[in-house]
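Protein chains: 2
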Amino acid sequence: MIKKFTSGNPIDTQAVVEKFNALPIAEFPLGGKFENGNFVFEFDMADSDIVYGLGEAPRGINKRGWVYNSFCSDDPFHTETKSSLYAAHNFLMLSGSKTFGIFIDFPSKIRWDIGYTTANKTVITIDGTDFDIYYIDGTKPLEIVKEFRKSIGTSYVPPFWAFGYQQSRWSYHNAEAVDAVVDGYNKAGIPLDCVYLDIDYMERYKDFTVDDEKFPNFKDYVSKKREEGIHLIPIIDAGVKKENGYDIYEEGRKNGYFCKNEDGTDFEGGVWPGIVGFPDFLRPDVRKWFGSKYKILTDMGIDGFWNDMNEPAIFYSVKGLNKALDKAASLKGQNLDLSKFFELKDTFAGLSNSPEDYSSIYHTVDGKQVCHDQVHNIYGANMTKAAGEYFAEKFGKEKILMFSRASYVGAHRSSGIWFGDNHSWWSHILLDLKMLPSANMCGFLYCGADLGGFNENATRDLVLRFLALGVFTPLMRNHAALGTRNQECYSFENSDDFKDIVEVRYRLIPYLYRTFKKASEENDMIFRPLSFDYPDDKIARECETQLMLGDECMICPVYEQNVGGRYVYLPENMTFVKLSGTSITTEKMSKGTHYIEVALNEVPLFIKDGRQIELCKPAMRTSQLDTTDTVMIP
Amino acid sequence: MIKKFTSGNPIDTQAVVEKFNALPIAEFPLGGKFENGNFVFEFDMADSDIVYGLGEAPRGINKRGWVYNSFCSDDPFHTETKSSLYAAHNFLMLSGSKTFGIFIDFPSKIRWDIGYTTANKTVITIDGTDFDIYYIDGTKPLEIVKEFRKSIGTSYVPPFWAFGYQQSRWSYHNAEAVDAVVDGYNKAGIPLDCVYLDIDYMERYKDFTVDDEKFPNFKDYVSKKREEGIHLIPIIDAGVKKENGYDIYEEGRKNGYFCKNEDGTDFEGGVWPGIVGFPDFLRPDVRKWFGSKYKILTDMGIDGFWNDMNEPAIFYSVKGLNKALDKAASLKGQNLDLSKFFELKDTFAGLSNSPEDYSSIYHTVDGKQVCHDQVHNIYGANMTKAAGEYFAEKFGKEKILMFSRASYVGAHRSSGIWFGDNHSWWSHILLDLKMLPSANMCGFLYCGADLGGFNENATRDLVLRFLALGVFTPLMRNHAALGTRNQECYSFENSDDFKDIVEVRYRLIPYLYRTFKKASEENDMIFRPLSFDYPDDKIARECETQLMLGDECMICPVYEQNVGGRYVYLPENMTFVKLSGTSITTEKMSKGTHYIEVALNEVPLFIKDGRQIELCKPAMRTSQLDTTDTVMIP
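If you read the protein sequences in the order shown, they are chains A and B. Note that UniProt numbering has the first sequence beginning at 1, numbered continuously upward. Note that UniProt numbering has the second sequence beginning at 1, numbered continuously upward.
Bear in mind the hints are in silico, worked out from the structure with no lab data behind them. Treat the hints with caution; some may be incorrect.
Identical copies carry no separate label here, and so any pair may be met within one copy or between two of them.
27 Å max Cα-Cα, derived DSS-like pairs, lysine-lysine [to be verified]:
hint, residue 1, residue 2
1, Lys206, Lys340
2, Lys150, Lys617
3, Lys260, Lys368
4, Lys319, Lys332
5, Lys518, Lys345
6, Lys518, Lys219
7, Lys332, Lys578
8, Lys82, Lys345
9, Lys399, Lys295
10, Lys591, Lys538
11, Lys323, Lys340
12, Lys345, Lys332
13, Lys327, Lys340
The structure presented is a predicted model; accordingly, all values stated were derived computationally and were not measured.
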């Protein structure tokens, strides 16, 4: 049962689609008080209580013992001490001595101190007085999740082919580079469905342009790749390059579509294209305008996109940079003491995504000027909505692949997400795993991390182990940054090991797709913490290295280097299945603690006693899969 | 059996004290070739081979699957993809299909590609042609370690009281702050032996000065604290502040003791004090001069030091900063494109510890001008040697506590090390654990990480779990950075849990001290990978979350948040001991995989069947311990 409590005049984020009567905030069951322009409330936790939620966020499935901020952040260093990633997913759930969920519908900052200051207390601070809070009663976590999910509407379902394996890099910068990727996979006999186009496919990083020199006759090229069964997925950035003669920029400027400075002039920030205007995606007319531009690429046969830099990421503002240069000039010839030196260094380091810049950007919401600070967390979601509204109208459902970096609850109805610019760190295998159920709670079903890790150099074994988790994530994409080691499967020695892993994905697609569709239709989760299924099992309750998958399975990736296996806990008797290429081994295992051996070319999976899942034969493309020709295992 | 192979005319690093005949490098058993001014050699590895070594370095006990650089680095972000920390410990050992050790005695860069480029190949590149390589034959890893350790001389043993619990912070900046720490521990009833003085105790960060306003009558204050059983441990930095009238700087300048620019003028770098001169520690006369300055503090009753910033860390050079300011000035008023913007940002970000600066510093070695690049890795070790030589002459052995941030093999004879500026990350509990055996291999016995983590904010549970590993590390020091949350044991709720953990340390001191002394006398390790003891046990061989301790024990800290226990693997039957305050529980456990429950106030420990260890009663100070009144457990 959901109750809605309202304070002031909240901005309509369109996160919730179900209608509820608004009750006064004074009746909010957890109490709370207004102080210094904030609303603060708290609840106590027993030692063994678990706190779930926050979707795409740092740290564990159990969010206890840290402080988080809802603030969409372009920060690629996903270390343990970060408080935000790219999303703001304001759903939280306590489970244990008491069980309830809350969703705070508020597009600006929220601080979640979940046992950080005081171990057994959660203190939540909403940075404003205009908000809705939804309180969800229930006895079981999954029940609460389903109730919440029902209220926010049905989750996005991508096209079937988006369950194939996908290869990305910043950047396959021209047709030859893309061809080499497809050839590399074909020659290695490794399945592949998509190749990504990062920022360099564009003409000087201009949205909805294609550089003719790099991709001559792009429409023909897209069509040729499609004949080979390959979908090209271009990136779209939030900022529109300021360039005379660039029609989209000129339209935007002429019509006043860009975000403003306080004085009404266009705000100018530096991103990949240099100076850009940021479309004011909070305005329906701007969304309609920007969304319609995707047609330029869909007309060329493109049927998938990833929206990026939409927190929005701002490398610098013209104002900020000039200030920094002035500071440097003023210090010239002085004998700098240490504090002045650090001040100068920090000035340059702090130019990107600076709070000062965000505070100086203005939107128009319902005809009123609103400071960006107050709506920061729905900027990216509205960019995605712009695209989603166009695709729904033009193509209907399940036709266009779309996922975004920044997001807010509500965007789950029109897109998936990826977990942003992670690193080639072993610890990021588990970070990926831990975000899957949390993202599912908030409606994001089509998601996954950059497999192999985006930043810095990967090793062969890391990519294999990362892929062996990615086999189960709806978005299975290998992606790496400029300047890092090549990490396409064929780039490493003995690519047969990679073939063995990726083929397992294709064999699982009938099962994964069915499980995905069911989760979307029934507002269910694909991935659940073990504690959801075994709430009275102490070891299962604390487990953050395994997940339940669908109604049948438990997954447990290997996440350490230089090991031939891992510990696993079985909360009940299960069958241990090892999948590798077309081979299968099965072994009955009893409830309890085990050490399992898993080679680099094997995918471990546990199936509950009495359950089975279907496997088809692998194919080089999803379009070649015969999903009706399946065998049941075990 | 050790053989020494020499190429060219190596600089005498004094790492090795045993005399060996120098054989020509052409006879080096692993071959190798000279190319482009480097010497490169390689060896193959079987799939199950383990590569040990490199002392203080990132990643695992098994170094396979990454590329490391020997280059003492002031870099506080100890993520998985770093290639160096603060030390250069050039010992490596293969164990498996072949078993041998090598020590490369070379004070400049070495690149160790250990299965990074090619999974089953190690490629080592020495950045020069003047070096010694020691090749150590043997059949067992521990045998090889002992042989190597014998060749490099007996490891440093600190005073007995240095095994007590130690509290540090950047900074307890005056006597009141130090008093508050001692009071806090006394009131909480938590044992304590040392309080650290970070840079703010000095007068404007000048080495060997004490700020009279912060610490009036310092000598009396030191003596008063000693009466309370507390040792004050001041920091000493490598750079000497350039200040007129500061006697140490003026002596150094007058006598030409500082490192030079190529033109013979003093090299000037910015560190904490602002502009400093860097003593040329490679010169015996400079070491004698600098070492004798410690007398200023020992005369005031100080009997322990930590040497810092001796990689050396250089925030900026005067030359570098001026160049950056010129660049900023030249860009003013221009419409910066993105590449120019990043170039500018990187220029400021790259001012610290810049390769360009290191290349422009000159030392005098045996009367000859030598570029810093060629001797970088022995700079910090020679700073420590300066102190060690003075202490040995003045006080004899085991009287003065001394440990350093930068180090090279050889420094282990006169000091310990700490593992530098780590983070309050759960993953850094395991990083600490993994470095312990590696550091032991290279002679560093007195060592440990900053417990609770230095950078960023710690949580109560993290500090408790970190301390529960620190209970076993010879250096047991809690240390935190400026601006972070207080992490003294009494700063958190329910300090009794902390008392329970720290008391366990004091109960273990007789055992730990005996084990330490034995390891020093017998060139043995205190901590060993499980694989050393159980080479044929596949699970034990791969285990990097447990360590063997002495002849009797196995340790296995809890290293994850929000869990009440962990998996543990017993390679043989053992007794599971839980220690907490004065309580003990024991349980016989059989060989195999177990899940053990460990509360936040408990220290888990396993004792081999048929072995026992001694425990004394806890006390508030090591000086109050009755080490003769012990009980044997189990």
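Evaluated hints:
1. Taking identical chains as interchangeable, the C-alpha atoms of lysine 206 and lysine 340 lie at most 27 Å apart only when they sit on different chains, with a minimum of 19 Å there against 39 Å within one chain.
2. For the identical chains of this complex, lysine 150 and lysine 617 are neighbours neither inside a copy (35 Å) nor across copies (60 Å), given an alpha-carbon limit of 27 Å.
3. In this assembly of identical chains, the alpha carbons of lysine 260 and lysine 368 lie at most 27 Å apart only when taken from the same copy (12 Å versus 64 Å across copies).
4. With identical chains, the CA atoms of lysine 319 and lysine 332 are at most 27 Å apart both within one copy (20 Å) and between copies (12 Å).
5. In this assembly of identical chains, the alpha carbons of lysine 518 and lysine 345 never lie at most 27 Å apart, being 53 Å within a copy and 49 Å across copies at closest.
6. In this assembly of identical chains, lysine 518 and lysine 219 lie within 27 Å of each other by CA distance neither inside one copy nor across copies; the values are 35 Å within and 75 Å between.
7. With identical chains, the CA atoms of lysine 332 and lysine 578 are never at most 27 Å apart, being 65 Å at best within one copy and 62 Å at best between copies.
8. For the homomeric pair lysine 82 and lysine 345, the shortest alpha-carbon distances inside one copy (22 Å) and between copies (23 Å) are both at most 27 Å.
9. In this assembly of identical chains, the alpha carbons of lysine 399 and lysine 295 lie at most 27 Å apart only when taken from the same copy (14 Å versus 78 Å across copies).
10. Taking the shortest Cα distances, lysine 591 and lysine 538 sit within 27 Å of each other both inside one copy (13 Å) and across copies (23 Å).
11. Taking the shortest alpha-carbon separations for lysine 323 and lysine 340, both the intra-copy value of 15 Å and the inter-copy value of 16 Å come in at or below 27 Å.
12. Taking the closest pair of Cα atoms, lysine 345 and lysine 332 come within 27 Å of each other both inside a single copy (14 Å) and across two copies (17 Å).
13. Taking the shortest Cα distances, lysine 327 and lysine 340 sit within 27 Å of each other both inside one copy (10 Å) and across copies (18 Å).
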